[in-house]
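Generate coordinates for the entire structure from the input sequences, incorporating the hints supplied.
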Amino acid sequence: MVEKERPILSVDDLSVSFRTYGGRVQAVRGVSFDLYKGETLAIVGESGSGKSVTIKAILGVLPKNGRIDAGSILYNGEDLAKFREKDFHKIRGKKISLVFQDPFSSLNPIMIVGKQITEALTLSLGMDKDKAKARALELLHAVGIPDPETRFYQYPFQLSGGMRQRIVIAIALASDPEILICDEPTTALDVTIQARILDLIKEIKAQRKLSIIFITHDLGVVANMADRIAVMYAGKIVEMGTSEDIFYRPAHPYTWALLSSIPDLDTKEELVSIPGSPPNMISPPKGDAFAVRNKYALELDFEEEPPMFRISDTHFAATWLLHPNAPKVEMPEILAERIRRYAEEKLANAR
Amino acid sequence: MPVEDAGPILEVKNLSMHFTSRRRRRTTVVKAVDDVSFTINKGETFGLVGESGCGKTTLGRTIIRLYNPTSGTVKFGGREISGRMTRELRKYLTSNIAMIFQDPIASLNPRMTVQEIVGEGLIIRGLKDSAERESRVKLMLEKVGLQAEHAARYPHEFSGGQRQRIGIARALIVEPKMIIADEPVSALDVSVQAQVINLLNSLKREFGLTVLFIAHNLSVVKYFSDRIAVMYRGKFVEMAPSDDIYHHPLHPYTKALLSAVPQPDPHTERSRRRIYYEHTEPATGTLAMREVVPGHYVYCTEEELQFYRRQLGA
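Protein chains in written order, with our numbering: chain A, 2 to 352; chain B, 22 to 335.
These aren't lab readings, by the way, just hints derived from the structure by calculation.
If you're wondering where the values come from, they're calculated on a predicted model, not measured in any experiment.
Glycine included, each C-beta is placed from N, C-alpha and C at the ideal position.
Careful: at least some of the hints might be erroneous.
Label pairs and their in silico Cβ distance ranges [as the list claims (entries may be wrong)]: (1) 21/A - 168/B: 22 to 30 Å; (2) 50/B - 148/A: 22 to 30 Å; (3) 349/A - 60/B: 33 to 41 Å; (4) 50/B - 68/A: 49 to 57 Å; (5) 291/B - 35/A: 22 to 30 Å; (6) 178/B - 35/A: 35 to 43 Å; (7) 94/B - 349/A: 44 to 52 Å; (8) 43/B - 139/A: 40 to 48 Å; (9) 132/B - 207/A: 47 to 55 Å.
Lysine to aspartate or glutamate pairs mimicking DMTMM-like chemistry, simulated, CA-CA at most 20 Å apart [what the hints assert, rightly or not]: (10) 206/A - 290/B; (11) 96/B - 56/B; (12) 225/B - 270/A; (13) 116/A - 150/A; (14) 91/A - 79/A; (15) 276/B - 200/A; (16) 347/A - 65/B; (17) 276/B - 265/A; (18) 112/B - 196/B; (19) 269/A - 264/B; (20) 269/A - 65/B; (21) 269/A - 265/B; (22) 269/A - 247/B; (23) 276/B - 267/A.
Listed below in structure tokens is the structure:
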């Protein structure tokens, strides 16, 4: 467990909207979370849940039609939500770095990869060329690239997808950031390559005491990486807790649905699918946004939005089912079964 | 047509698909599919897994003759479909095998209505009566969980999951005997994936379909398939009933692949030991697909075969 100290990054009641021809899209609606030193916080959600928009707001790279309507993003005593573009220059890529989803489009195709790393060093840290090169070679070595001296002079097209993602990570680490934001860093990669990149990120995190915000929709990857997990739906965090809280004691019907809609290697029974599709965020539904797709929805869910209920010191969920007066509802059997099986396996392994 | 006794419906023998490219008088041959043999029985779901570039998509496309195979034969329902292409053979192929594609956006013509997209196969099959066509399209749309009103709309009006349903309706309207589904759910959101997987499963039962299911997500393939083949560099390295592949993987590549599949269980993930696979040529012996125990094939040498047999205690 991560010791409770002061958070390194604190997002409070963040709301972001986009101006479109159809109307104002409320992409993020009151998101709050803290990030502590040396922990990995995973934000899980489907496309359109607002997870990417949240981190874009943190990095100050919202598209032109987007704006922060309310809330604060506190980092080192400063509010990033109030920053202008030039204020971000001393933070972005220096204190907070980003690893993108797609290693194919996030590298410059006509620049040798070495230069792409040293560029970050000479421009932002004012290192001289020789020093920067030595440091770049060190970084290439640190991210597990064999024969860095040769790779330094190669172009992105000469490298495989996994290799390119390692370069992107090396660039992100160049200025020794405090926070690394990984936006679906392995979605474009094959499973075996994905495994290696995830191992690399964990290793780097341990060595450098990095704090990581890890964005993904893949729950298997989350189980591997996260200390804490925030589940997002329709622009809100619906459940938040430690990895164990979310996977072994999920409390929100959306988390249940998400967990039971994916098969694992032992699944035989019919999957529980979530009917319908996510709501239109131009006019978010009244009450709980998930209510229309939720077979456990109460009448109250269509009327009033549930607050965050506290389940334990680490575990919170926004569902009326947790209200003392709510009817007692159990999670779907397929999921309960799976959790029991995992517990048995754990016992068997411990012996 | 009634489903006859389960026997092979698709027989693939020594199939190869090589792509040749010439640049500055240098010729490179890519062996996308290299000497692959297998059969699929009637009503069976055959899963094909492998990483990008292993040739799994090419294999599917070669079977349905989007490519002309370099060598080898493919037989469907006893008839050879890998020979010279004729009008008649094309007709035989398209009315028996249909394909569901990965990308539900790129695989639907944006200028055609759903009625036109789904009904096109019927026109090609000579169904001139437009009222009849319309009613069959509507029926099919309802079968795949869409509504009859959707027929008049265009693809952009649908979500990803709904578009994949349109693709499925288009494939099934000609009442094919076999479906080749190439990564049908990988472009969809998790919550929608389950909808489409459940739909495919129920349609498979209803129509008695034979399915060749191609995907890179091993959990999904395992869930969906009766038998599984693992492909690596254009070759099958292991083929077995799906439970055997997962509980007794033999080939080192299969083991590596399985050790990399993330599971939604933090405890397993933390204690997980990964196996890495480095491709090496054997020092002695010739490699071939060999049957270790009935139904379980591994691409190995004679010596390795004995080793695998001992491992399984056979």
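Is the hinted pair residue 347/A and residue 65/B satisfied, with a Cα-Cα distance of at most 20 Å? Violated, at about 35 Å.
Would the hint linking residue 276/B and residue 200/A be met if the CA-CA limit is 20 Å? holds (18 Å)
Hint consistency between residue 225/B and residue 270/A [alpha-carbon to alpha-carbon, up to 20 Å]: With Cα atoms ~16 Å apart, residue 225/B and residue 270/A stay inside 20 Å; holds.
Can the restraint linking residue 269/A and residue 65/B be considered satisfied, given a maximum Cα separation of 20 Å? holds (16 Å)
Given the hint of 33 to 41 Å, is the C-beta distance from residue 349/A to residue 60/B inside that range or not? holds (38 Å)
Could you say whether the range 44 to 52 Å given as a hint is met by the Cβ separation of residue 94/B and residue 349/A? Because 48 Å falls inside the window, the suggested range holds.
Is residue 269/A close enough to residue 264/B, meaning Cα to Cα at most 20 Å? The hint holds at about 11 Å.
Holds or violated: 22 to 30 Å for the Cβ distance of residue 50/B and residue 148/A? Given a distance of about 28 Å, which is inside 22 to 30 Å, the answer is holds.
Take the C-alpha atoms of residue 206/A and residue 290/B, compute the straight-line distance between them, and say whether it is at most 20 Å. Within the cut-off at roughly 17 Å; holds.
Straight-line Cα separation of residue 276/B and residue 265/A no greater than 20 Å? holds (17 Å)
Within 22 to 30 Å or not, the Cβ separation of residue 21/A and residue 168/B? Since residue 21/A and residue 168/B have Cβ atoms about 27 Å apart, the given range 22 to 30 Å holds.
Straight-line Cα separation of residue 116/A and residue 150/A no greater than 20 Å? Given that 20 Å is the threshold and the Cα spacing comes to 12 Å, the pair holds.
This entry does not satisfy hint 16, going by the numbered hints stated previously; all others are met.
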